[in-house]
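Participant: Sequence:
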Amino acid sequence: MRIANWNVNSARTRADRMVEFLTRNDVDILLVQETKCRDDQFPTGRFTAIGYHVAHFGLDQWNGVAIISRVGIKDVHTQFPGQPGFNKNPAAPQLTEARAIGALCGGVRVWSLYVPNGREIADPHYDYKLRWLFALRNHVAEILGADPSARLLLGGDFNIAPTDADVWDISAFEGKTHVTEPERAAFEQLLEAGLSETTPGPGTFTYWDYKGARFLRGEGMRIDFQLASPALASTATGSFVDVDERRGRGASDHAPVIVDYNLDPAGA
DNA sequence: ATGCCTTGCATGGCAAGA
2 MRIANWNVNS
12 ARTRADRMVE
22 FLTRNDVDIL
32 LVQETKCRDD
42 QFPTGRFTAI
52 GYHVAHFGLD
62 QWNGVAIISR
72 VGIKDVHTQF
82 PGQPGFNKNP
92 AAPQLTEARA
102 IGALCGGVRV
112 WSLYVPNGRE
122 IADPHYDYKL
132 RWLFALRNHV
142 AEILGADPSA
152 RLLLGGDFNI
162 APTDADVWDI
172 SAFEGKTHVT
182 EPERAAFEQL
192 LEAGLSETTP
202 GPGTFTYWDY
212 KGARFLRGEG
222 MRIDFQLASP
232 ALASTATGSF
242 VDVDERRGRG
252 ASDHAPVIVD
262 YNLDPAGA
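Each position in the first sequence, counted from 1, maps to that position plus 1 in our numbering.
Be aware that a few hints might be false.
As the list claims (entries may be wrong) - Restraint ranges, calculated between C-beta atoms of paired labels, are given here: (1) F135 to I171: 22 to 30 Å; (2) D265 to G52: 15 to 23 Å; (3) D148 to R25: 30 to 38 Å; (4) T14 to G146: 19 to 27 Å.
Said to hold, decoys possible - Lysine to aspartate or glutamate pairs mimicking EDC-like chemistry, simulated, CA-CA at most 16 Å apart: (5) K89 to E121; (6) K177 to D124; (7) K177 to D254; (8) K212 to D254; (9) K89 to E143; (10) K177 to D128; (11) K177 to E198; (12) K177 to E193; (13) K89 to D128.
By construction, these hints were calculated from the structure, which means they are not laboratory data. The structure displayed is predicted, hence computed values, not measured ones. Don't be surprised by glycine CBs; every beta carbon is placed ideally from N, CA and C.
Produce the entire structure from the sequences given, and follow the hints as far as they go.
Facilitator: Next comes the structure, spelled out in structure tokens:
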């Protein structure tokens, strides 16, 4: 079973590339982030036409997540238990953003996740990011505590570079988000809860800023991951970043990441 | 030092991205 995760930076703009990507790489499940549209605007028909099922959660032009699967989609959830919301006004109700969608696909409980960016260290979004990650960690611990043999996969844009090798120049990130100790600790807690990275290791970039010709310069970041439970991670046979997808006109600023798992696609 | 590019929307200059 081949599972990919990709921040597409607008599903409507990137629909052609998404269809071609699925076909070219023979992908079973695609975990999508930053669709930037409402459910009624998502190009679902493009994927059903080539044999996939779609679950999408989008509220407006911000965020938006989807699961595109040809091994079934059951039991869809559009937030994980305890997921914090956000509101500029801390006294107002905190609103759940379209940053998580989970489903049972081919016997695997998959989540497509778009972790809050954090913006600046002093910004309320930074604290929101950390709270969001700790709540996610708690959910993982609860799932694996109840069933240590669960096949659980978190895939998506985590907006954290876990090591200094995961940015092109750590000195360029002085005082910036994505590399701070609290963010890295929050990422580490997901691993301590029992998950393992199945995507390529330190130094294999998945994102290159549009600004400043970062891709041409080879100046990227590793911020997109698949984190798998032991029962799933033990079946992983290989992974790669589809760097070609970042080339040329009309590319997302993120490249897709692909992992192969030695599972019966029919599901458990 | 700052912006660099790309997206979507109240199709305008923003807001947001990382």
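Participant: Under the criterion that the straight-line Cα-Cα distance not exceed 16 Å, is the pair K89, D128 satisfied?
Facilitator: Given pair K89, D128 holds - Cα atoms ~12 Å apart, limit 16 Å.
Participant: Within 16 Å, alpha carbon to alpha carbon, are K212 and D254?
Facilitator: Given pair K212, D254 holds - Cα atoms ~10 Å apart, limit 16 Å.
Participant: Against the range 30 to 38 Å, how does the distance between the Cβ atoms of D148 and R25 compare: consistent or not?
Facilitator: holds (35 Å)
Participant: Within a Cα-Cα threshold of 16 Å, do K177 and D128 meet the stated pairing?
Facilitator: holds (14 Å)
Participant: Taking 19 to 27 Å as the stated bounds, is the beta-carbon spacing between T14 and G146 within them?
Facilitator: violated (41 Å)
Participant: So if I understand the rule, the pair passes when the alpha-carbon distance is 16 Å or less; does K89 with E143 pass?
Facilitator: Not OK: K89 and E143 at ~30 Å, beyond 16 Å, violated.
Participant: Does the structure keep K177 and D254 at a Cα separation of 16 Å or less?
Facilitator: violated (19 Å)
Participant: Given the hinted pair K89 and E121, is their alpha-carbon gap at most 16 Å?
Facilitator: The hint holds at about 15 Å.
Participant: Note whether the CB distance of F135 and I171 lies within 22 to 30 Å or breaks it.
Facilitator: holds (25 Å)
Participant: Assess, step by step, whether the Cα of K177 is no farther than 16 Å from the Cα of E198, and give holds or violated.
Facilitator: violated (24 Å)
Participant: Using the C-beta atoms of D265 and G52, is the stated range 15 to 23 Å upheld?
Facilitator: 18 Å Cβ-Cβ, so the 15 to 23 Å window holds.
Participant: Would you check the hint for K177 and D124, treating anything up to 16 Å between C-alpha atoms as holding?
Facilitator: Between K177 and D124 the Cα gap is close to 11 Å, so the pair holds against 16 Å.
The structure is inconsistent with the numbered hints 4, 7, 9, 11, 12, although it conforms to all the rest.
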